[in-house]
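Construct the complete structure from the given sequences, taking the supplied hints into account.
Heads up, the sequence shown is in our numbering, so the first residue is 1 and it goes up one at a time.
Among the hints, erroneous ones may be present.
[Stated by the list, open to error] List time: in silico DMTMM-like cross-link candidates among lysine to aspartate or glutamate, alpha-carbon distance up to 20 Å: (1) 50 / 216; (2) 50 / 135; (3) 62 / 110; (4) 50 / 156; (5) 62 / 22; (6) 88 / 156; (7) 50 / 207; (8) 50 / 246; (9) 62 / 246; (10) 62 / 199; (11) 50 / 199; (12) 50 / 39; (13) 62 / 102; (14) 62 / 244; (15) 88 / 110; (16) 88 / 153; (17) 50 / 28.
Please keep in mind that the hints were generated in silico from the structure rather than gathered at the bench.
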Amino acid sequence: MPDSMFAAIRASLHHLALASPDPAGLADFYGRALGLRVEAAAPGLIGRAKGRTLIFQPGAPKTLAFAAYAVEDLSDLAALRERAATAKVALEASPSPLFGPEAVCLRDPDGNCFVFGLPARHEAAAVHDGAAAREARLQHVVFASRDAHRLADFYEAVLGFALSDVVVDEAGGVRTSFLRCSAEHHSLAVFQAAENRLDHHCYEAGDWGLIRDWGDHMAGHHIPLVWGPGRHGPGDNLFMFVHDTDGNWVEISAELEIVEPDRAVGSWPHEERTLNSWGQGLLRS
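Dropping the structure here:
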């Protein structure tokens, strides 16, 4: 595990590609739930709203085709290529239609696909209204793994993320690792589980009042909350969760911790209160 508390890559989660046996149905859900404006984009669909972009393509349910992170500049990509070469990690052709040809694509030891690049066009020019204009920036993605320790090491040593916090069980084993590639507490996390899978993806509203507004928005579309509102321990963020039509967990968060570069890695006990200091914690590992 790297000793540095500083992320070696400067990036933010830019878009996700979700696989589904019914891409159109899934896109319709996110159009209602998150205000995405959906259009055709072979081999599937793409939905956009303020600060969030999702691609929907044919595939198995509850599967992430790839996670795409936007880097600050080309030097981040050059350093990533060097780390991948040192670790003998193969690079693949980028599947993202939203990044330029310089994008770097690679897979973690579980086969999860990551793309790092520079956006091919400037998205900020788009004009959004209604739910599409409400703040909910795509912010992090979380995986479950049968070997979470191996994945966390890969995310640090190869991808260049820095470790913010860990959740530790009574035997001293690390159950969850929260990793960052910016000042935000985590843009990626992985926890120990009985299977390898996508767990959830999260959208940062920024303000507690917007959790209320998003809750009212979901209610207006008859989309029930399945967890929350509550407050996580690691990250100190307020949250609520819904399920999409494929059963994926979708989180809306507010007031995620901003981490100082020299902050020591935090350690939390593996218990319900760590997951939710306000009430019920769903231990999914």
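Cross-check of the supplied hints:
Pair hint residue 50 plus residue 216 holds up; C-alpha atoms about 19 Å apart against a cutoff of 20 Å. At most 20 Å may separate the alpha-carbon atoms for a hinted pair to count; residue 50 and residue 135 meet this at roughly 7 Å. For a cut-off of 20 Å, the pair hint linking residue 62 to residue 110 stands: about 15 Å separates their Cα positions. As the CA atoms of residue 50 and residue 156 are separated by approximately 30 Å, the hinted pair breaks the 20 Å bound.
A threshold of 20 Å between alpha carbons decides the hint, and for residue 62 with residue 22 the separation of about 11 Å falls inside it, so the pair holds. Straight-line distance between C-alpha atoms of residue 88 and residue 156 comes to about 15 Å, which keeps the hinted pair within the 20 Å bound. A threshold of 20 Å between alpha carbons decides the hint, and for residue 50 with residue 207 the separation of about 15 Å falls inside it, so the pair holds. For the suggested pair residue 50 and residue 246, the alpha carbons sit about 23 Å apart, so the restraint of at most 20 Å is broken.
In summary, the hint linking residue 62 to residue 246 is supported, as the alpha carbons are separated by about 6 Å, within the 20 Å threshold. Our distance criterion of 20 Å between C-alpha atoms is met by residue 62 and residue 199, whose separation comes to about 9 Å. This hinted pair does not check out: residue 50 and residue 199 have alpha carbons roughly 23 Å apart, beyond 20 Å. Taking the CA atoms of residue 50 and residue 39, the gap is about 15 Å. The hint holds against a cut of 20 Å.
With a CA separation close to 29 Å, the supplied pair residue 62 and residue 102 exceeds the 20 Å bound. Distance check on the hinted pair: residue 62 and residue 244 sit about 9 Å apart at the alpha-carbon level, within 20 Å; holds. Only pairs whose Cα atoms come within 20 Å are accepted, and residue 88 paired with residue 110 is accepted, the gap being roughly 16 Å. Using a Cα cut-off of 20 Å, the hinted pair residue 88 and residue 153 holds, with the two alpha carbons roughly 15 Å apart.
A threshold of 20 Å between alpha carbons decides the hint, and for residue 50 with residue 28 the separation of about 17 Å falls inside it, so the pair holds.
Of the numbered hints given earlier, the model fails hints 4, 8, 11, 13; all others are met.
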